[in-house]
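*Asks:* One-letter residues, chain by chain:
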Amino acid sequence: MELRPDGSLLVQTALSMSRLAQDEMSTDAADIARLVRLTLGGDSTAFEQIILRYETRVMTMAARLLGARDEACDATQEVFLRAFKYLHRLDAQKPVEPWLMGITVNVCRDAARRRQRRRDTFIEIEAPDTIDQSADPYAGMVLKQERLILQRALDGLPEKERLAIVLRDVEGLSTAEVAAILRSSETTVRSQVSRGRLRLKAAIDRLMGVER
Amino acid sequence: MSCAFSREMHALHAEGDLPDGAAELTSGHLRTCDECRRFFEELRARQSLLKLLRRETVSPSDCTRVRRQVMSIINRGEDRSGWALRIERAIVLGFRRRAHALAAFALLGIVSVSALAQMRHIAPTAKQAVAAFEGGDTLFRPEGYRDWILVGPSATAHRSGVSHGAAGTTGAAIPTVYIDPSGYREYAKTGRFPEGTVMVWESVSREPETADRAHKESPVLLASVKDSTRFDGGWGFFNFTGLEGSPTSKARALPGSNGCRTCHRRDAETDQVFTQFYPVLQSAHRAAQLAVPRGSASLTEVLPVSHASRRSGSPRVARA
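Line by line, the protein sequences are chains A and B.
Numbering-wise, the working numbering puts 89 at position 89 of the first sequence, and it's gapless, one number per residue.
Numbering-wise, the working numbering puts 1194 at position 194 of the second sequence, and it's gapless, one number per residue.
Hints are supplied without guarantee of correctness; some may be wrong.
Heads up, incomplete: computed chain A residues facing chain B, CB under 8 angstroms, no partners named [unchecked claim]: (1) Asp-43; (2) Ser-44; (3) Arg-82; (4) Tyr-138; (5) Arg-147; (6) Leu-150; (7) Gly-172; (8) Thr-175; (9) Leu-200.
Keep in mind that the hints were calculated from the coordinates and are not lab data.
We put the CB at the ideal spot given by N, CA and C, even for glycine.
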């Protein structure tokens, strides 16, 4: 293959890669739609395939929202049971993931409120198991310490700000996607995100003993 | 921080969330303000720390365990759906297409509303059936009145000498007064007795038991019905007292010359009803008065004015 001086080969390659990615996405969406149809038709193994695709995403998000591994497991179970129960409400034209994220947020919000009602004065905050553990014991300890500080700072945020921060800054969703999941406006989400970031910085500074 | 530049703008700018114009403005300020630049850099450092969370993921064994639990619950068929959800699912799956399902929901909604409207339409008829008439002025004896709202015993009325027929002449009977539940509810709510209200006045005396005869009851049973279409002055009065000690099954309205109407018109406190003798009605009456909102119609417009209280401070004694 010869690279032309005007770079047209690069452009063609980029275009064909983009088309491949789009084809892959549409194939994936079609596959999910097929699994949803099969589930609604009574095939529970198809629903297991859906769980397999999204379980890590859902449980990770639940762990970030709740900060406790056991609660994240319980929340994930509830998310998929609710999804199975209300699967008929899913709009076949829309992707499954944002719908599942919305259910996850609602389930975690309920769990956090129940926890509040139980008046837990101390919640054991633990870092979820990580895959990329550092080989250096000291670095691993520092990482774990930072992780705990972060989780404490996040837990100290008001509920709406915490949700907006986790979805926008940790999950990396766009403001529009966050607004859709939280059933809010983009302006409101931006306001919650900006306030949340400032509060989070202040809380981390305080927990790290940084004098202002 | 002494600089007055918005910190919220910095917080949004740190992750590129500002629109172009605002981003340029913030960048321009950061180039000139050391204090804000330092704050901005710290903010970005904290945001980087936050992104550490992105590197973390959960244990695959936890995922597997949860998936097995979910599938176990689903396969055991522990469907916790209520009947409404089952109907909804059946409609959605039955029609497949969303537009058709929405149309079916709309149709179901219309049918439900119509059915409710029909039921509400039927309800007043049932309420009016409390007073069943034969012809223009013959009332059938109200059924089950002892299950109604008890507004007496009217001890005050008895002591004060209010007597209807044989009451008070045999034994030491204390009259008991009942009102039909729908009439009571409306009175408690508005302070008015609605059309169709039925009240029953009963006095049962017992003759002493003898060796050869058990107790014998001698009931006096009277009723009044509010029906402006049938009776002058709004109320009709009826006497079901039988000659042989058992009440009659029906009774004609007592004529206007009978003392009932005169006495009730003259001395009863509220709309020809002796509410002054019945604490239950008095408290309901007060509640209705308190419920009248400020700025609405005056109490004299809402509630019938007491004839007795207009003339004197104390309730008058009625005589039938």
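*Asks:* Hey, does the A:Gly-172 contact hint survive, CB to chain B under 8 angstroms?
*Replies:* 7 angstroms, holds
*Asks:* With chain B as the partner, please determine if A:Leu-150 meets the hint condition of a C-beta pair closer than 8 angstroms.
*Replies:* 6 angstroms, holds
*Asks:* Let me know if the C-beta of A:Arg-82 comes in closer than 8 angstroms to any C-beta of chain B, holds or violated.
*Replies:* The hint is violated - A:Arg-82 has no Cβ within 8 angstroms of chain B, the shortest such distance being about 10 angstroms.
*Asks:* Would you settle whether the hint for A:Arg-147 is holds or violated, based on the nearest Cβ-Cβ distance to chain B being less than 8 angstroms?
*Replies:* Constraint on A:Arg-147 satisfied, holds at 7 angstroms.
*Asks:* Hint validation: A:Leu-200 versus chain B, beta carbon distance must be below 8 angstroms. Holds or violated?
*Replies:* 7 angstroms, holds
*Asks:* Going by Cβ atoms only, is A:Tyr-138 closer than 8 angstroms to chain B?
*Replies:* 16 angstroms, violated
*Asks:* For the restraint on A:Ser-44, tell me whether the closest CB of chain B is nearer than 8 angstroms.
*Replies:* Holds - the Cβ of A:Ser-44 comes within 8 angstroms of chain B, reaching about 5 angstroms at its closest.
*Asks:* Does the CB of A:Asp-43 sit less than 8 angstroms away from some CB of chain B?
*Replies:* 11 angstroms, violated
*Asks:* Is the interface hint satisfied for A:Thr-175? The criterion is a beta-carbon contact with chain B at less than 8 angstroms.
*Replies:* 7 angstroms, holds
When the structure is compared with the earlier hints, violations turn up for hints 1, 3 and 4 and for no others.
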